Amino acid sequence: MRAAVTGMGAVTAYGRGLARLWDGMAAGEQGIRTIERFSTAEFDVRIAGVVPDRNAPAWDDPGASLCIELALGAAREAYANARLADLPPARIALVVGTSLGDYERPMHEVTEQIGDALGAHGPRITVSTACTSSTNALGFALDLLEQGAADAVIAGGADVLTPLVLAGFHRLGVLSRTPCAPFSSPAGTSLGEGAGFVVVERRPRGPARYAVLGYGLSADAYHETGPDPSGVGVARAMRGALAHAGLAADAIDYVNAHGTGTVAGDPAEWRALRSVLGARADKVPVSSSKSFLGHAQGAAGVLELIATLVALDHGTIPPTRNFAGARPNSPPDPVASEVPRASTAQTVLCNSSGFGGANCAIVVGGRAALEADAPAVARRAIYVGGIGAVGPHRACLALEPGPGRAATVDPRGLDAMTRDLTTAAALALDDAGLRLRGAMQERSGLVVGTTRVSKESSDLLRQSIDERGLRQLSAPMFSRMVLNAPVGACAKALALKGPLSTVSAGDVSGLTAIALAAHLLATRGDVDRIVAGGVEEDRRAPDPRTIEGAVATLLTTEPGRGVPGARIRLAGVSLAGPAELAAACEAALASAGVAATQLDLVVGAPVAALAHVTTLRPEHRAGAAASVLGFAMAVGALRRGEARCALVSGEASASASCALVLVIEPGDTHE
Amino acid sequence: MSETTDLAEMTRRVAQREELLGRLRKILIEHLQLRREVDELDPDAPLFGSGFGLDSLDAVELVVCLETEFGLRVNDPTVLRQSFRSLNTMIDLVLGHAGPA
Numbered sequence: 000m001r002a003a004v005t006g007m008g009a010v011t012a013y014g015r016g017l018a019r020l021w022d023g024m025a026a027g028e029q030g031i032r033t034i035e036r037f038s039t040a041e042f043d044v045r046i047a048g049v050v051p052d053r054n055a056p057a058w059d060d061p062g063a064s065l066c067i068e069l070a071l072g073a074a075r076e077a078y079a080n081a082r083l084a085d086l087p088p089a090r091i092a093l094v095v096g097t098s099l100g101d102y103e104r105p106m107h108e109v110t111e112q113i114g115d116a117l118g119a120h121g122p123r124i125t126v127s128t129a130c131t132s133s134t135n136a137l138g139f140a141l142d143l144l145e146q147g148a149a150d151a152v153i154a155g156g157a158d159v160l161t162p163l164v165l166a167g168f169h170r171l172g173v174l175s176r177t178p179c180a181p182f183s184s185p186a187g188t189s190l191g192e193g194a195g196f197v198v199v200e201r202r203p204r205g206p207a208r209y210a211v212l213g214y215g216l217s218a219d220a221y222h223e224t225g226p227d228p229s230g231v232g233v234a235r236a237m238r239g240a241l242a243h244a245g246l247a248a249d250a251i252d253y254v255n256a257h258g259t260g261t262v263a264g265d266p267a268e269w270r271a272l273r274s275v276l277g278a279r280a281d282k283v284p285v286s287s288s289k290s291f292l293g294h295a296q297g298a299a300g301v302l303e304l305i306a307t308l309v310a311l312d313h314g315t316i317p318p319t320r321n322f323a324g325a326r327p328n329s330p331p332d333p334v335a336s337e338v339p340r341a342s343t344a345q346t347v348l349c350n351s352s353g354f355g356g357a358n359c360a361i362v363v364g365g366r367a368a369l370e371a372d373a374p375a376v377a378r379r380a381i382y383v384g385g386i387g388a389v390g391p392h393r394a395c396l397a398l399e400p401g402p403g404r405a406a407t408v409d410p411r412g413l414d415a416m417t418r419d420l421t422t423a424a425a426l427a428l429d430d431a432g433l434r435l436r437g438a439m440q441e442r443s444g445l446v447v448g449t450t451r452v453s454k455e456s457s458d459l460l461r462q463s464i465d466e467r468g469l470r471q472l473s474a475p476m477f478s479r480m481v482l483n484a485p486v487g488a489c490a491k492a493l494a495l496k497g498p499l500s501t502v503s504a505g506d507v508s509g510l511t512a513i514a515l516a517a518h519l520l521a522t523r524g525d526v527d528r529i530v531a532g533g534v535e536e537d538r539r540a541p542d543p544r545t546i547e548g549a550v551a552t553l554l555t556t557e558p559g560r561g562v563p564g565a566r567i568r569l570a571g572v573s574l575a576g577p578a579e580l581a582a583a584c585e586a587a588l589a590s591a592g593v594a595a596t597q598l599d600l601v602v603g604a605p606v607a608a609l610a611h612v613t614t615l616r617p618e619h620r621a622g623a624a625a626s627v628l629g630f631a632m633a634v635g636a637l638r639r640g641e642a643r644c645a646l647v648s649g650e651a652s653a654s655a656s657c658a659l660v661l662v663i664e665p666g667d668t669h670e
Numbered sequence: 000m001s002e003t004t005d006l007a008e009m010t011r012r013v014a015q016r017e018e019l020l021g022r023l024r025k026i027l028i029e030h031l032q033l034r035r036e037v038d039e040l041d042p043d044a045p046l047f048g049s050g051f052g053l054d055s056l057d058a059v060e061l062v063v064c065l066e067t068e069f070g071l072r073v074n075d076p077t078v079l080r081q082s083f084r085s086l087n088t089m090i091d092l093v094l095g096h097a098g099p100a
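Chains as they are written, first to last, in numbering that gives the first Met the number 0: chain X, 0 to 670; chain W, 0 to 100.
Bear in mind the hints are in silico, worked out from the structure with no lab data behind them. Certain hints may be false.
To give an idea of the interface, some chain W residues facing chain X are shown, with a C-beta separation under 10 Å as derived from the structure [said to hold, decoys possible]:
1. Glu29
2. His30
3. Leu31
4. Arg35
5. Asp54
6. Val59
7. Glu60
8. Leu71
9. Asn87
These numbers come from a predicted model, not from an experiment. Note that CB positions come from ideal geometry on N, CA and C, so glycine has one too.
Bound-form chain X, shown alone:
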């Protein structure tokens, strides 16, 4: 067992709490209802899975921060169930998955506010990968536990239905006028909203009934909003989850599908399931909870997982409602019913897919899984294969100006953020001398830290709405209102089809991305290299030190280029709470097996205990890219032989502290 589920909480289209969720499901209620919170007069679609006690017009107030209110409702329930008050707050981490957050503020500030309100003072990480956000958040929670960054992680997500979201999906033509009927007719999805959180622990302090066994991430690298119709991207995430769980596909006895109900989405997902489950796919029940909860966007994945576990608790599996005959390319057993079906299912696969080509699958198990040992993890060594930077960062690193393949990045239709990120990532691949061909692409990932969507794209979206009205908003610009849009576009441009994610942790967003990528590489069998980095678009305000640009590094399990005959190893990684920088540095050194006395370079915030060591600071720089700049500076110093062992650290006032240790290793002469 990787992690036990010790608490859950949910705010859904049925109302507040786990009990209400079960009552609604058991009674066969339809959670998708007429939207009353805001006017839907200009749309053809007026329904969604809106949280019932927040559907009145009075709640349509952007200042009310409904996202945080819903998140706190669900997180407090989970916190109380798990009796987290017994743990030191610094050992409780928080991972929040949200597609759009509360709009105006940078993503990580939403998570920070939730963390403060809950008293979770371990690392607070925001995952924003559109409709896979909360599923991915739960996946990263497993990694934080495995790294020892926390004793318990509250993980999940929240998203709110707004007029903009309704208008965007309406414009894309993917909404159904009646409550959605996944795998059936009419085609089209229903939006929703809500919040769900689970508490996971490695060593449960109380009774637990379920375990999260593993998760998998992948990129379609195909389209901004639509799925790859072949389903191969989705299948990669599912196989990754099974491998991480140490299970064969035969072990799965129920699938809670993404099942949006759209013409493009359902068949792609079914093709993926068929390829992963083989002949058994025809016998395994596959249902979609969106048929009664609606599509709660970034919160959908965790809410559907919680609905599944609540149903299993009552010896049932959730149904697919509104089913009126199968569409072609649909699962033969969609659990077509208005109410849950009696079942002895124990091992469940939950799948999510989202804008930007993000896929995330997760495997959970019951009692038997709780007692089983976690699959043995053989940690692989990670090397820094290359670095790349654009904007003022490039000049700062004094990198040679040979853009090589980066010059071929096609800027058509890309906003500044996407252009910068893609160019920096291409430069990092060039620097490592890598060309990704065939199967290599599927084993190459991308994990990026950033805090806000492109201002250029959001201004154009605003302009299209001002000029033409909400109904006629620009579909391409709407698709870029998810934080992972530049990351998905970069994955597509460079054919990075392996694990894909987008995270936010204030000024340490970029370093956090590196730390999470390093853990994926060190522990997973489905990836060999990951481009990790940070990107920021120039905004000047609120922090004038924030500098536009992107910095990326190529991390690889294959030895990288270093000073002649040597290579640079990312030997230690640590994430800790916002006030725990010293602890993060200590933990990173310990995981690297390096004594503080061996360090000859510190980059980032000065560490009191290391005052005697040369300390570099990326002066006057802030933002997601700048923390990676410090990492790249350290790599440069090691390459030039100016240092042999470096500590790179960063802290963000209320999100997290992060520390990484880089060492020069002698080259293996036998290679």
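Using the hints, position chain W against chain X.
Okay, now just chain W, sitting in the frame of chain X:
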């Protein structure tokens, strides 16, 4: 009919096409962020795939632009598919709907 009238008519039609081409190129550059010079956008190049690299989201935006810029509401997917092949086929669509001017 004299040759001069034919010539005038032809000149007028060419000017009309030129004017529409200019407006459509502007839409591609401004709304779809096609980072190209105006005269780089070959009126016969494919809009999607190997040509300008547009995709289905851009197609949604083009449908809106036809409506807001030219007052054209086109819902027939076959007509759209044929008309969204190149800038010239889009010009045909706009002229066809505008009727013989």
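Right, here's what the structure says about each hint:
no., hint, in the structure
1, Glu29, "9 Å, holds"
2, His30, "6 Å, holds"
3, Leu31, "6 Å, holds"
4, Arg35, "7 Å, holds"
5, Asp54, "6 Å, holds"
6, Val59, "4 Å, holds"
7, Glu60, "5 Å, holds"
8, Leu71, "13 Å, violated"
9, Asn87, "20 Å, violated"
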